[in-house]
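Once you've looked at the hints, dock chain W against the given chain Z.
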Amino acid sequence: MLRSEREPKGAWLSGMSLWEYANPRRFLQTSARLLPWLAGLSALCLATGGIWGFFFTPDDFRQGSTVKIIYLHVPAAMMAVNGWIMMLVTSLIWLIRRHHVSALAAKAAGPVGLTMTMIALVTGALWGQPMWGTWWAWDPRLTSFLILTLFYLGYIALWAAVEDPDTAADLTSVLCIVGSVFAVLSRYAVNFWSQGLHQGASLSLDKEKNVADVFYLPLLVCIAGFVLLFVTLVLLRTGTEIRARRLQSLLARERMA
Amino acid sequence: MTALLLRDLRLATRAGGGFGLGLAFFLLVAVLVPLGVGPEPALLARIAPGILWVGALLACLLSLDRIFALDFEDGSMDLLAIAPIPLEGVVAVKALAHWLVTGLPLTLLSPVLGVLLHLPGPGYVWLVLSLALGTPALSMIGAFGAALTVGLKRGGLLLSLLVLPLYVPTLIYGAEAVRRGVDGQGAPTALLLLAGLTAGAAALLPFAAAAAIRVNLR
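These protein sequences, in sequence, are chains Z and W.
Numbering of the first sequence is given in this note's numbering, commencing with residue 1 and proceeding in unit increments.
Numbering of the second sequence is given in this note's numbering, commencing with residue 1 and proceeding in unit increments.
Isolated chain Z, as found in the complex (with noise of 0.2 Å):
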């Protein structure tokens, strides 16, 4: 009651909007209390879905155990695509809005999408080998996995060559708009252009026949590691950022007197 009247009309949901965050101290403070508990839990999430997945789940009839694979392989590949969703919606939101802690966390989340991207690709290629008797194959999915991949390296190295940060910032930007168009062209066009061997999704909310409920559910505790692990190390890396931006401004100014 008396809080309503001292604050302005609704302070408290501003409290929480994502606008308060551009400024940096205030998401360092609130990162810096969230992370330990996004650590922790990401590592019980982890080890929970790790253990009994690999440990407490029956081998599968025809593929014996190397099904198990699938707990670090769907996770990383789901998180390698929602890394790139994540920077586009960041990059636009810097792009329109200036948030500087908006281009900050893309900047961020660039390496570890890679990383992902890596897991599952070196995970498919570790499965592959002793059930399509292959360790690569230029399958539509696999091909536009390695496609983005590539994207990945390129928005990578586009940060890295721009010295000015908000320049780097703002072409980057452009350049993750364009390339989420081009992925999406491209993953058509391998469909086009090569048929699969890589099963079709086993996971989604609208089928009638997902993965046997003793493999889903373990799966989806290792998801939602994954996705924690995944806002962990991006939190993380975004205060890094901002500590290195900080530095290089105190530095300058200390040039300068």
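It cannot be assumed that every hint is accurate.
Computed footprint of chain W on chain Z; a stretch qualifies when at least three of its residues, placed anywhere within it, have a C-beta under 8 Å from a C-beta of chain W [unchecked claim]:
id : segment
1  : 144 to 152
2  : 158 to 165
3  : 168 to 179
In case anyone wonders, no lab produced these hints; they're calculated from the structure.
The beta-carbon is built from N, C-alpha and C at its ideal position, and this holds for glycine as well.
Only chain W this time, still in chain Z's reference frame:
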């Protein structure tokens, strides 16, 4: 805009403009591949569509950094940016000029190289058509990449890293059109998709490229 186009064409065709460099490169690729994979006609005939398309793509890539770099260095770009024509138009005209001095000659030369690579008879029409429809997209996408990297001292390598993934759909539809043309089925589908890609790139990418140039001129 016509004046700008003529100026760019003149600069490109004069000595030191790099005209012909792409063509020579294209020729070299077509010569080196048989040296690498062996002279067997059946094998060459099978890979010819892909080789010709990849060769055209790389030849296109070679001259991309020239689209904006020289104008950026001598300050013409600043003048063009404040000129009464929109920067988007400038970008489109420069991409068109690039296509006229690289893509178009490559298209015209390609049947000759097709002979070198034993491209089967029905493939020639599709090869020329697909290159004619697809290389404008290569120039436009390349102009976008060049706009991103124009402010960098040594942007050449980075430019190829940025542009090559963007070339993937064009390459797939282009080479696929020729391959299907050789097999005698389904080539028009690929060709239509390729044309759609070119139209989309020409319509939208000038805005992205102009935005990148404005950032670089800041």
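Hints versus structure:
Three residues within the 8 Å Cβ limit are the bar, and the segment 144 to 152 of chain Z against chain W gives 3, so the coverage statement holds. As drawn, the segment 158 to 165 of chain Z meets chain W at 3 residues by the rule of a beta-carbon pair under 8 Å; at three or more, the given contact holds. Only residues whose C-beta sits within less than 8 Å of a C-beta in chain W count toward coverage, and the segment 168 to 179 of chain Z has 7 of them, enough to reach three; the restraint holds.
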